[in-house]
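K.L.:
Now for the letters of each chain:
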Amino acid sequence: MSSPRIAVVTFPGSLDDRDALRAVSLMGGEPVSVWHQDADLQGADAVILPGGFSYGDYLRTGAIARFAPVMDAVREFAGSGRPVLGICNGFQILCEAGLLPGALIRNRGLSFVCRWINVRIETGTRGFVAGEVLQLPIKHGEGQFVAAPDVLAGIEARAQVALRYCSPDGAVEDRFNPNGATNAIAGLWNEGRNVLGLMPHPEHAVDPDLGPTGGHAVFQWLFAASHWAIGASR
Amino acid sequence: MRPRFEVIVVLKDGLLDPQGKAVQEALPTLGWTNVSDVKVGKSIFLTVETESLVDAEAQIAEMATRFLSNPVIERFWVRQLADEDAT
Numbered sequence: 679m680s681s682p683r684i685a686v687v688t689f690p691g692s693l694d695d696r697d698a699l700r701a702v703s704l705m706g707g708e709p710v711s712v713w714h715q716d717a718d719l720q721g722a723d724a725v726i727l728p729g730g731f732s733y734g735d736y737l738r739t740g741a742i743a744r745f746a747p748v749m750d751a752v753r754e755f756a757g758s759g760r761p762v763l764g765i766c767n768g769f770q771i772l773c774e775a776g777l778l779p780g781a782l783i784r785n786r787g788l789s790f791v792c793r794w795i796n797v798r799i800e801t802g803t804r805g806f807v808a809g810e811v812l813q814l815p816i817k818h819g820e821g822q823f824v825a826a827p828d829v830l831a832g833i834e835a836r837a838q839v840a841l842r843y844c845s846p847d848g849a850v851e852d853r854f855n856p857n858g859a860t861n862a863i864a865g866l867w868n869e870g871r872n873v874l875g876l877m878p879h880p881e882h883a884v885d886p887d888l889g890p891t892g893g894h895a896v897f898q899w900l901f902a903a904s905h906w907a908i909g910a911s912r
Numbered sequence: 029m030r031p032r033f034e035v036i037v038v039l040k041d042g043l044l045d046p047q048g049k050a051v052q053e054a055l056p057t058l059g060w061t062n063v064s065d066v067k068v069g070k071s072i073f074l075t076v077e078t079e080s081l082v083d084a085e086a087q088i089a090e091m092a093t094r095f096l097s098n099p100v101i102e103r104f105w106v107r108q109l110a111d112e113d114a115t
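Note that the protein sequences, when read in sequence, are chains R and L.
Using our numbering, the final residue of the first sequence is 912, and nothing's skipped along the way.
Using our numbering, the final residue of the second sequence is 115, and nothing's skipped along the way.
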């Protein structure tokens with residue numbers, strides 16, 4: 679199998695685009711940098727919306743990025759069943775764009791949190807194994823996931839929760855929830871399970887020389903989903 | 029005509045408003061102990077070039093629903109300002 683081409687979108691205020699590009703390389707993919715004003719995704723097999731503070735988080739996190747020209751292409755790409763990964767600010771953008779349900783608001787406790795946490799894979803697909811616990815870093819001020827009660831019920835009923843905050847051995851308890859996220863939701867699938875948004879940063883957890891490698895599982899899913907999409911389109 | 033409006037956006041009831049909570053908790057330390065239900069929202073002031081007030085109001089409602097607020101977490105209301113220079 680050839681290595682998948684993974685586009686990483688840079689918005690004004692993106693911070694983790696370089697790390698995401700580097701992580702794609704480390705994991706064996708071909709990274710492609712895409713600018714927010716670009717109208718096409720340069721033949722990418724998957725798209726990453728990276729972390730940061732796009733447009734200064736003005737108005738609301740992700741609210742202005744969602745109208746960037748590149749987002750029309752991302753919406754069409756996601757609509758065709760191909761994989762899109764939104765990390766942190768990328769997750770916020772996907773929610774604002776309506777590609778994922780709910781919203782992310784200020785953390786419970788008001789503080790910006792920057793530390794290693796654990797998440798349990800709730801619903802797996804394509805090499806992303808349910809029950810596995812990943813150690814990943816978080817760094818956000820607005821990561822508290824919320825949704826209206828009926829929307830939340832739908833999310834749970836359709837098993838759209840990808841990741842929940844948990845203890846190192848996988849117990850989901852409130853004290854392991856760093857931001858007060860509803861139902862300890864750290865990551866979410868869309869209904870088609872080809873769009874994944876998560877608050878933790880897999881791109882910072884791929885190099886064994888630098889620490890834990892909980893990010894591998896996320897990139898393995900992204901690559902597997904890319905190959906599946908390549909196969910389905912030919 | 030160029031009517032000027034204020035769009036007020038606040039978090040929905042039941043959602044934690046950390047800024048409101050922080051302000052509320054600070055008030056008693058300054059001696060004001062009789063204040064409750066503090067909410068912090070935002071105001072967006074804007075002027076619309078329009079033929080009719082009805083059109084302007086419809087446009088603002090759409091802008092507020094699609095962009096200025098996020099209906100998942102926020103509610104908004106609009107008021108027209110008396111003076112086109114008012115902030």
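Hints are supplied without guarantee of correctness; some may be wrong.
Unchecked claim - Restraint ranges, calculated between C-beta atoms of paired labels, are given here: (1) R:R696 to L:D65: 41 to 49 Å; (2) R:P690 to L:S64: 38 to 46 Å; (3) R:G787 to L:T57: 15 to 23 Å; (4) L:T61 to R:V807: 24 to 32 Å; (5) R:Y736 to L:E34: 34 to 42 Å; (6) R:V829 to L:Q87: 35 to 43 Å.
These are computed hints drawn from the structure, not numbers from a lab.
Beta carbons: idealized from backbone N, C-alpha and C, even for Gly.
K.L.:
Hints the structure violates: just list their numbers, smallest first.
P.N.:
4, 5, 6
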